[in-house]
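There are 2 protein chains.
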Amino acid sequence: MNATPEQTDAAIAGENEAYIAGVAAQLNDFLAEKHQLLAEISPATLVLIDSIKTLVTGGKRMRALLCYWGWRGAGGAADSTSIIAAGAALELFQAAALIHDDIIDRSDTRRGGPSVHKQFSTLHADQGWALDAERFGHAAAILTGDLCLSLSEEMFARVDQGSNPRARAVFNLMRTEVMAGQYLDILEEVAGPSKPHNTAVARASAIIRFKSAKYSSEHPLVLGGALAGAQESLLAGYSAFALPLGEAFQLRDDVLGVFGDPVQTGKPAGDDLREGKRTVLVGLTIDAAAEAEKEFVDKNLGRQDLTDAEVARLCAIMVESGALASTEAMIADLSETAFAALDTLPIEDFVSVALSALGRGAVSRTS
Amino acid sequence: MNATPEQTDAAIAGENEAYIAGVAAQLNDFLAEKHQLLAEISPATLVLIDSIKTLVTGGKRMRALLCYWGWRGAGGAADSTSIIAAGAALELFQAAALIHDDIIDRSDTRRGGPSVHKQFSTLHADQGWALDAERFGHAAAILTGDLCLSLSEEMFARVDQGSNPRARAVFNLMRTEVMAGQYLDILEEVAGPSKPHNTAVARASAIIRFKSAKYSSEHPLVLGGALAGAQESLLAGYSAFALPLGEAFQLRDDVLGVFGDPVQTGKPAGDDLREGKRTVLVGLTIDAAAEAEKEFVDKNLGRQDLTDAEVARLCAIMVESGALASTEAMIADLSETAFAALDTLPIEDFVSVALSALGRGAVSRTS
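These protein sequence lines are chains X and A, in that order.
Per my numbering, the first sequence starts with residue 1, numbered consecutively.
Per my numbering, the second sequence starts with residue 368, numbered consecutively.
By construction, these hints were calculated from the structure, which means they are not laboratory data.
Note that this is a predicted model, so its numbers are computed, not measured.
Just so you know, not all the hints are guaranteed correct.
What the simulated footprint calls covered on chain A by chain X, stretch by stretch (three residues with Cβ under 8 Å from a Cβ of chain X suffice, anywhere in the stretch; the number is not a length) [claimed, not checked]: (1) 401 to 414; (2) 493 to 499; (3) 516 to 530; (4) 548 to 561.
C-beta: ideal position from N, C-alpha, C; glycine also.
Using the sequences plus the hints, can you model the full thing?
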């Protein structure tokens with residue numbers, strides 16, 4: 001007897017919930033172990049683990065869920081402890097990346113609260129310690145991110161990988177690619193303005209591929225499949241779905257970074273513009289805007305002291321040049337490609353439904 | 368027939384040389400693989416791997432050698448590829464720690480050349496890129512350190528650990544402890560001045576235990592033993608030797624950081640004083656110096672703009688208060704404890720000779 005769509009949705013929701021709860025419990029137990037260890041070293045170091053804990057408690061767990069459904073699509077069992085550990089490792093890796101990203105971007109907020117380096121500089125100021133509060137904040141956050149990165153790896157080493165080297169290879173590739181992609185991103189911020197305008201979109205596209213689409217979408221899904229021993233053909237199919245999906249996801253993120261509601265995104269309005277992020281949206285704007293507007297964008301993007309009026313003018317240029325509409329069209333195209341690929345995957349229907357729901361949520365979200 | 372001391376020394380030198388060459392070749396091949404991967408992502412990212420390569424090419428390889436002799440003492444074979452990979456993983460971890468340390472300490476030089484963040488800020492300035500050169504340098508070096516940390520783990524995952532979880536546990540503990548220790552170190556720089564003078568030595572001793580002695584000495588030796596399947600009693604004996612040895616090593620480092628010859632250490636004179644490192648040497652100085660001198664130390668330590676005359680006065684206070692002599696006495700005591708423990712280890716004579724030579728080199732070095 002076939003399940004009704006409602007029954008399928010309920011079953012998927014149940015699995016999502018159970019898995020997310022499993023990952024949360026795993027992270028909780030693991031960080032409690034580390035809390036104990038740090039308490040023995042010195043109670044003064046507990047702030048490190050506490051700030052990691054806060055960070056991994058929130059979030060959408062999108063990467064972990066992609067990993068889970070990649071595993072399920074390749075025949076992995078719903079109640080495996082190994083896939084829970086893999087999801088927890090991905091969440092810890094993401095937390096580490098966020099901690100260091102926020103230092104690099106000088107973002108003082110994360111999910112509506114203070115970022116890790118800001119927590120430490122506030123601690124410094126509150127305690128009236130010597131020397132510079134901001135410098136202490138950055139230093140402590142570099143170390144916290146390093147610890148978190150190490151914990152991610154420690155968790156991944158707990159995943160049962162049998163004798164199959166494929167999953168480890170994906171995890172390794174993911175890390176190297178995202179760091180290279182992040183470097184391209186900060187390089188574009190400083191070197192982009194002196195490069196040709198007409199290749200800005202291509203450069204921004206390469207950045208989001210490595211920094212975001214492969215890292216946040218393709219690799220987690222492929223990792224889950226590889227852990228379940230999937231054949232290369234299925235893993236290639238996963239990539240054909242998840243890579244364009246991840247690109248659409250990042251384009252959505254870029255749009256939200258400029259036009260999103262700060263209350264929903266947890267990021268102050270104009271933050272991305274003050275950081276000087278050279279996104280595809282910016283590239284399209286520079287491509288399409290009139291000369292005076294182009295110049296205004298090039299001159300003001302990345303200025304930390306942009307006024308609200310200047311932020312509003314930048315936003316208006318993005319709308320009036322048609323760049324926002326073009327970005328939305330790209331999101332639609334990429335989504336179509338992704339979901340067409342999903343339809344051809346040799347996986348059970350309910351896994352396909354679960355991946356489709358996850359994907360549609362990612363590209364049409366508002367936060 | 369017993370070997371003569373000369374034959375033993377020659378055999379040890381041969382093993383040291385072969386092992387170091389093996390680690391260097393392993394690192395070379397591994398980084399060539401990663402170079403290829405980054406070239407495919409974008410040639411612009413190759414600077415990341417090049418700066419890592421420069422860093423792991425130098426160095427004393429002390430951690431790797433301790434790991435090797437820990438392995439040999441527990442019956443591991445001289446020609447194992449696994450112990451070479453373990454040594455390479457330790458070297459990559461150390462390189463990652465140095466990259467981030469230099470950002471934290473604002474050290475512009477490393478082994479006589481520019482530190483990684485300085486290389487990137489110079490690249491920025493040379494290319495005439497937009498925005499801030501120093502900020503770009505720090506951001507790029509954070510990412511390079513993260514990449515290097517991930518590569519260390521990737522290398523460690525290649526080590527054959529059989530079904531024995533002990534080596535992985537040591538590697539994990541090493542990473543967490545060193546990061547916690549580094550946090551205590553930066554915390555002491557800012558919070559130390561407002562804490563009681565008479566506990567400064569105890570606080571500094573705790574820092575060097577975790578940040579340095581366990582990380583640089585105890586854990587590498589125990590790791591090698593664990594990889595060879597050593598019993599817990601031998602591993603405990605390794606700790607009894609390597610922990611005081613590591614403490615003596617770090618005290619030597621602190622002395623060299625203030626009194627060492629910049630030509631030999633590769634670090635500018637006064638660097639440690641300008642960084643404000645609250646070492647055991649500083650703690651002993653604050654303990655023993657007269658009131659006016661105490662105040663001078665507290666007020667000036669950590670001032671980035673210390674003049675050469677102020678550096679000289681700080682050095683003189685350390686000598687005249689007897690703090691330098693006390694530190695040397697501590698180095699001698701710790702060394703004695705370490706070598707007494709070494710003598711009782713149930714390991715082959717030539718391994719004992721090798722560890723003794725390695726240890727004596729570490730505590731009496733001049734660079």
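Hints versus structure:
Counting residues of the region 401 to 414 of chain A whose CB lies closer than 8 Å to any CB of chain X gives 7, which reaches the minimum of 3, so the coverage claim holds. Check result for the region 493 to 499 of chain A against chain X: holds, 5 residues qualifying (beta carbon to beta carbon below 8 Å, three or more required). Only when three residues or more bring their CB closer than 8 Å to a CB of chain X does the claim for the region 516 to 530 of chain A stand; here the count is 6, and the claim holds. Given a C-beta distance limit of less than 8 Å, the hint that chain X covers the region 548 to 561 of chain A holds, as 12 residues qualify and 3 suffice.
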